[in-house]
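Those protein sequences? They're chains A and B, same order as listed. Counted from 1, the first sequence has number 151 at position 130 by the numbering used here; the numbering is strictly sequential. Counted from 1, the second sequence has number 203 at position 126 by the numbering used here; the numbering is strictly sequential.
Listed next, the in silico DSBU-like pairs over lysine-lysine satisfying Cα-Cα at most 35 Å (straight line): (1) LYS146/A to LYS88/B; (2) LYS43/A to LYS176/A; (3) LYS230/B to LYS216/B; (4) LYS91/A to LYS230/B; (5) LYS146/A to LYS113/B; (6) LYS193/B to LYS88/B; (7) LYS91/A to LYS216/B.
Which stretches of chain A does chain B cover? Using the computed rule of at least three CB atoms under 8 Å from a CB of chain B, they are: (8) 40 to 48; (9) 51 to 61; (10) 76 to 87; (11) 160 to 166; (12) 175 to 181.
These aren't lab readings, by the way, just hints derived from the structure by calculation. Glycine included, each C-beta is placed from N, C-alpha and C at the ideal position.
One letter stands for each residue in the lines below.
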Amino acid sequence: MTTLIEQLVDIAPDSPLGRAIKTRADVLRLSEAAHDAVLVPRDPGGLSHGLRAALAARMCRHVGNDALVKHYESYLAHSAELDVAALAEVDGASGDARQDAMARHADLLTQNPRNATRNDIAALKAAGVSEADIVRLAELAAFVSYQLRVVAGLKLLRDVAVP
Amino acid sequence: MSEPVHRFTAKIPTWSPYVTPVELATATAEQLAAMKVTPSNKGISPYVLTLAHDPESLEVRSPLFNLIMYGRDGLPSAERELGAVGASIVNRCVYCTAVHASRFLGLTKREDVIDKIFADEREARLEPRLQALFDFSAKLSTTPIEATRDDAKRLGEAGLSALEQLDLVLSASIFGWANRLMHTLGEPVA
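Produce the complete structure using the sequences and hints provided.
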């Protein structure tokens, strides 16, 4: 079974990089499991599956990965949660204070995590985001940043590989 | 009285969370399993107790992290640590930088390399192989992602095999994840 990352990068299996990926098959398999754990967890807490998909699409827009935007938008459409759909756009807001605070925090974690401080967590709490949801949101944003980099890095290696 | 640490250091600080960690006494069975709590393993760090708020993610991320950083063959351990440092410098995760700079030092004794990175950060000038590794991991960590085909080409020119190059992508990327937890959910204090 091919994982999402492999589908997005499309590397010839018999190339040196393809063989390297086969050697690290467990990493790809666990990366896929991590995707499911942050996108469609059994216990989503205060971040519904639709909200997670919308925020993931938003993060991928920030980094400019159209294929991943499309991927997460298909999850969003599947969730049929119309109220969070606007959050998938980079400047989108839902009008719900808690969700909009989470979207702003997702922007910070995606674009400029080095600037995050204690005050950003205080702002989430003030907007009514629970402590468990603060951790869930961080895991979601952190995973998407990981995935975007694995995909970008593999594409670069693929493009310069000597056959 | 401990104070937040804002400067890069190889002396590992204490990590202090901004959110209340899960308490072992009241943790659910799923949280205990994700934290790998067993009768012989009850010394769980505040970081892991904080991440236990999301046990489904923690359960997967821990083995993924260990495979990427400590898996067999491929990129030497010290160079995976350098990839971790490159990402952590960009994301300014002082705690992650301290842990992984100290592991790099333990494996290589190359204090000159870490001194240069702490002094000059992304401008640090290193020997060719380490430079190619460090620059690629740093440029893969920025937003937007700055790494280019030329940066990738330099990895091959520096002698990295396909598996070593893949391991570098993975070790830098997993710190895109780890830094966003460690640096944003708490702070290093000493």
